[in-house]
Amino acid sequence: MAEHDAPLLFERSRPGRRGVRPPVVDGPEMAELLGEASLRSEPPRLPEVSELDLVRHFTQLAHRQFSIDGNVYPLGSCTMKYNPKVHEDAAALFTDLHPSQDPEGAQGVLELLWRLQGGLATVTGMDDVSLQPAAGAHGELTGILMIRAYHVARGENEQRRVVIVPDAAHGTNPATAGMVGYRVVEVPTAADGEVDVEALKAKLGPDTAAVMLTNPSTIGIFESRIREIADAAHAVGAQLYYDGANLNAIVGKARPGDMGFDVVHLNLHKTFTTPHGGGGPGTGPVGVKAHLAPYLPRPVIGRDGDRFTIDDDRPESIGRMRSYFGNVGNLVRAYAYLRSLGAAGLADVAEMAVLNANYLRVRLAQQGFASAYDRTCMHEFVAQPPAGIRTLDIAKALLDEGMHPMTVYFPLNVKEAMMVEPTETESLESLDAYAETLGAILRRAQDDPAWLAEAPRTTPVRRLDELTAARHPILRWTPRDEPASDAAD
Amino acid sequence: MRYAPHTEEDVRRALDAIGVASVGELFADVPAELLDPELDLPEAMDEVTLMDHLQELASRDDARSPSFLGGGVRRHFLPAVTRHLAMQSEFVTAYTPYQPEVSQGVLQATFEYQTIMSELTGLPVSNASMYDGASAVAEAALLAIRATRRDKIFVSRGVHPESRDVLETYLHALDAEIHVVDLDDLATPVPSELGDAAALIVQNPNHLGRLETMDALADAAHDAGALFVSVVDPLSLAILRTPGEVGADIAVGEGQPLGVPLQYGGPHFGFMVVSEALVRQLPGRLVGETRDVDGRRGFVLTLQAREQHIRRGKAKSNICSNHQLAALMATVNVAALGPHGLREMAEGTVRNAHALADRLEREGYAVVRSGPFFAEFPLRISRDARALRRDLQREGVRAGLPIPAEYGLGDAVLITATELTRPSDVDALVAALSAVGERAGEVAHG
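Heads up: the protein sequence lines correspond to chains A and B, in order.
Residues in the first sequence are numbered from 5 upward in steps of one, following this note's numbering.
Residues in the second sequence are numbered from 4 upward in steps of one, following this note's numbering.
Hints should not be assumed to be uniformly reliable.
Unchecked claim - Computed beta-carbon distance windows for the label pairs:
id, chain 1, residue 1, chain 2, residue 2, range
1, B, 393, A, 307, 11 to 21 Å
2, B, 152, A, 391, 45 to 55 Å
3, B, 31, A, 391, 29 to 39 Å
4, B, 393, A, 235, 29 to 39 Å
5, A, 162, B, 407, 48 to 58 Å
6, A, 108, B, 367, 24 to 34 Å
7, A, 452, B, 149, 42 to 52 Å
8, A, 33, B, 59, 43 to 53 Å
9, B, 50, A, 470, 40 to 50 Å
10, A, 19, B, 83, 42 to 52 Å
11, B, 283, A, 157, 34 to 44 Å
12, A, 161, B, 152, 18 to 28 Å
Hints were generated in silico from the structure; no laboratory data involved.
By construction, the Cβ of each residue, glycine as well, lies at the ideal position given by its N, Cα and C atoms.
Given these sequences and hints, build the entire structure.
So, in structure tokens, the structure goes:
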């Protein structure tokens with residue numbers, strides 16, 4: 005096998021080499037304490053490396069990774085804004101608390117969580133909030149289970165079997181409805197980029213359990229007829245669900261609760277800038293109007309005079325969604341953000357996010373990337389390359405310039421979609437550079453299509469064979485002395 | 004504070020380029036009656052005021068006194084190098100590796116994570132992580148229902164009560180049946196009737212700390228045509244018989260003991276590792292090895308046809324964001340400790356837990372014993388468990404996780420030790436028990 009640029013931990017391993025050592029605890033052998041039959045027959049083949057080997061390894065991996073801190077990263081619908089460093093110091097204050105310790109020894113963190121529940125309720129215009137869900141999709145599942153519980157309580161669960169989602173919805177929306185046993189009905193996007201309200205109304209009926217909307221939509225357009233949609237949904241007894249993925253566009257400026265939504269989930273890793281962590285942990289609190297509050301997952305953080313409590317006695321609750329109270333480490337970061345900005349600061353976030361998106365929209369149009377919907381956008385927009393140029397190739401060419409691509413091929417209803425969300429923390433200079441780079445790539449590609457197809461050239465690896473990866477999956481390292489599936493060299 | 008960089012001049016320049024007169028015009032699609040509500044939020048804070056406020060809150064928490072709390076998550080040795088390496092901003096501030104050419108750091112670390120989880124559990128295929136142990140148990144049940152096309156889940160009462168709560172929440176809407184298998188002398192007996200079960204779910208060590216006879220339980224599940232789901236503590240697998248060795252189809256669990264700080268309950272990570280036969284039923288992300296156009300090794304997200312962004316309404320799960328960074332931290336930690344260090348931690352945990360049980364018995368307290376245990380054991384007490392936990396907290400000891408009434412132990416708490424438990428901590432616990440009037444010898448041995 006050829007030497008690899010970046011060996012695996014297992015390939016760096018040498019028998020007997022050690023890194024850090026835990027404190028020594030002397031005592032009887034395990035066979036004596038637990039019985040031979042309880043013990044594994046072979047030790048796990050784990051890496052044996054020195055501490056410096058380890059540091060070099062993970063530093064090298066870090067160098068093979070784009071990130072917000074290193075690269076402009078306008079990934080649409082993901083809100084890749086700057087994650088303030090002070091939040092890391094804030095989270096470090098709460099790392100050594102056990103979730104089962106007595107509430108008397110956790111009054112500080114409980115007060116923080118209680119205040120955050122209230123703050124998020126205020127920001128979203130809802131009556132009550134659960135901080136428990138671990139991610140946006142987990143919040144969706146929580147919300148749809150609460151809607152189901154509401155219909156069950158009203159004796160309408162048998163008849164209400166349908167969840168309506170726009171065709172531009174995130175994949176998690178239909179997947180969530182499917183997990184709760186609902187049938188998913190899609191409604192099309194109208195020519196102006198908003199959901200087709202007439203088509204939506206035609207699908208609403210006594211069988212509708214919920215309508216799930218993102219507002220602004222994944223196309224980055226505010227549903228201007230949202231009140232009409234809410235009234236129509238409520239008129240047939242359906243509940244209106246707000247996917248908070250795009251809240252950054254309106255945070256501090258407008259509230260889902262005022263629009264008529266019954267349930268919202270927030271992606272704190274988006275709007276409230278908790279770090280994305282290379283794919284998670286997210287954090288997906290849900291807010292509800294009062295009629296759904298009894299169904300919130302157990303427990304919620306309560307207040308009794310000057311004491312903060314863990315309220316687990318909620319007979320109508322849908323139950324627990326996960327262990328303990330939520331991703332507290334991230335909830336602390338979100339609380340720090342909320343307190344740093346205040347109401348005016350949050351509105352400024354939305355305004356600058358929308359300003360940046362429109363600025364980049366115009367700049368990209370000048371460079372030949374027209375918007376799929378030619379109108380003012382909110383926090384993001386969907387552009388397209390000129391005919392004959394593939395979005396994927398453009399994305400790969402951006403990598404050579406040290407820039408992370410936009411979200412590609414989403415939403416599904418726009419061909420060659422390039423969904424761009426610059427966020428409020430990028431400067432105009434950064435956006436100018438992004439637009440000019442894209443323009444230069446396009447011009448060169450139009451002169452020399454073969455050049456574009458070869459990109460990227462300078463990344464740690466170049467285009468990867470995803471088809472073979474899926475057809476002949478290699479999902480773990482295998483020692484060389486074993487029949488290896490990895491025999492390519 | 005403000006993190007947007009815009010000067011007044013920037014705003015003007017941007018508005019001119021867009022061709023509007025004011026930022027307000029950009030919000031013209033939002034109906035006027037919805038715009039700019041009065042938000043009742045406290046004033047913005049500068050960094051100094053913010054940290055003062057947070058430090059004041061933190062000062063009302065007890066993060067320092069000796070802890071004997073467990074129940075699935077515990078304080079273990081977490082070397083400095085682990086936190087420093089995992090919290091490098093390239094890992095912290097990246098997102099899902101949708102562009103693999105510039106995401107090899109996260110992708111390779113995930114491939115290494117998958118290998119580590121496979122080695123620990125003895126099963127071949129690990130996904131890239133789940134939210135936590137409890138939701139991983141629920142997802143394992145959903146997987147079993149899909150794979151067997153049956154809808155009855157048998158779950159041992161020894162599975163953590165919060166995991167069973169989450170299982171109920173997830174399955175409630177699907178009309179699946181959940182049958183709870185009662186414990187006998189702290190351990191799960193082989194169920195006499197598994198009927199047409201989709202899965203038998205057993206936790207080892209169970210919620211009371213006791214090791215289960217997993218081989219016999221796995222055989223019983225397979226005899227009934229059910230999958231065997233093994234809920235395991237990943238640190239214990241440095242020494243204990245693995246899910247693979249007992250013939251489990253799925254191993255799931257809470258990853259925190261492998262190297263994630265407690266953080267008052269999260270974020271931690273859940274894991275799921277399965278047999279080859281179940282790969283295409285796995286929820287969540289998977290990383291696979293491949294080659295680039297120049298023949299270099301690289302890693303990509305793979306088998307994505309299972310997932311929500313491709314399959315939408317027919318996906319195996321709606322999971323999108325997982326707990327990547329926590330899983331990466333555990334990967335760093337396992338490599339920092341190596342197989343010897345991890346074994347020493349597990350052994351230190353077992354030794355300290357046994358020494359603690361012996362000491363409490365010598366002091367005359369009612370440790371409930373029935374067989375081998377890993378990190379924790381039940382202690383019968385003479386008052387309400389919550390009251391004892393509170394009283395001990397007031398004495399400066401964090402101990403006494405209440406054992407629910409469903410276990411039939413009366414008033415009882417779970418007592419946990421790890422390799423970090425010092426002799427002075429044990430003295431403090433014994434002194435605190437005495438100080439709160441929890442007198443030895445008042446409770447009959449179980």
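Here's how the hints hold up against the structure:
1. B:393 to A:307: 11 to 21 Å: With Cβ atoms ~18 Å apart, the hint holds.
2. B:152 to A:391: 45 to 55 Å: Once the Cβ atoms are compared, 47 Å apart, the range 45 to 55 Å for residue 391 of chain A and residue 152 of chain B holds.
3. B:31 to A:391: 29 to 39 Å: holds (31 Å)
4. B:393 to A:235: 29 to 39 Å: violated (50 Å)
5. A:162 to B:407: 48 to 58 Å: violated (34 Å)
6. A:108 to B:367: 24 to 34 Å: Cβ of residue 108 of chain A to Cβ of residue 367 of chain B: about 27 Å, so the range 24 to 34 Å holds.
7. A:452 to B:149: 42 to 52 Å: Given about 49 Å between the Cβ atoms, the range holds.
8. A:33 to B:59: 43 to 53 Å: holds (49 Å)
9. B:50 to A:470: 40 to 50 Å: Once the Cβ atoms are compared, 44 Å apart, the range 40 to 50 Å for residue 470 of chain A and residue 50 of chain B holds.
10. A:19 to B:83: 42 to 52 Å: For residue 83 of chain B against residue 19 of chain A, whose Cβ atoms are near 26 Å apart, the range 42 to 52 Å is violated.
11. B:283 to A:157: 34 to 44 Å: holds (38 Å)
12. A:161 to B:152: 18 to 28 Å: holds (24 Å)
Violated hints, listed in ascending order, are 4, 5, 10; each of the other numbered hints is respected by the structure.
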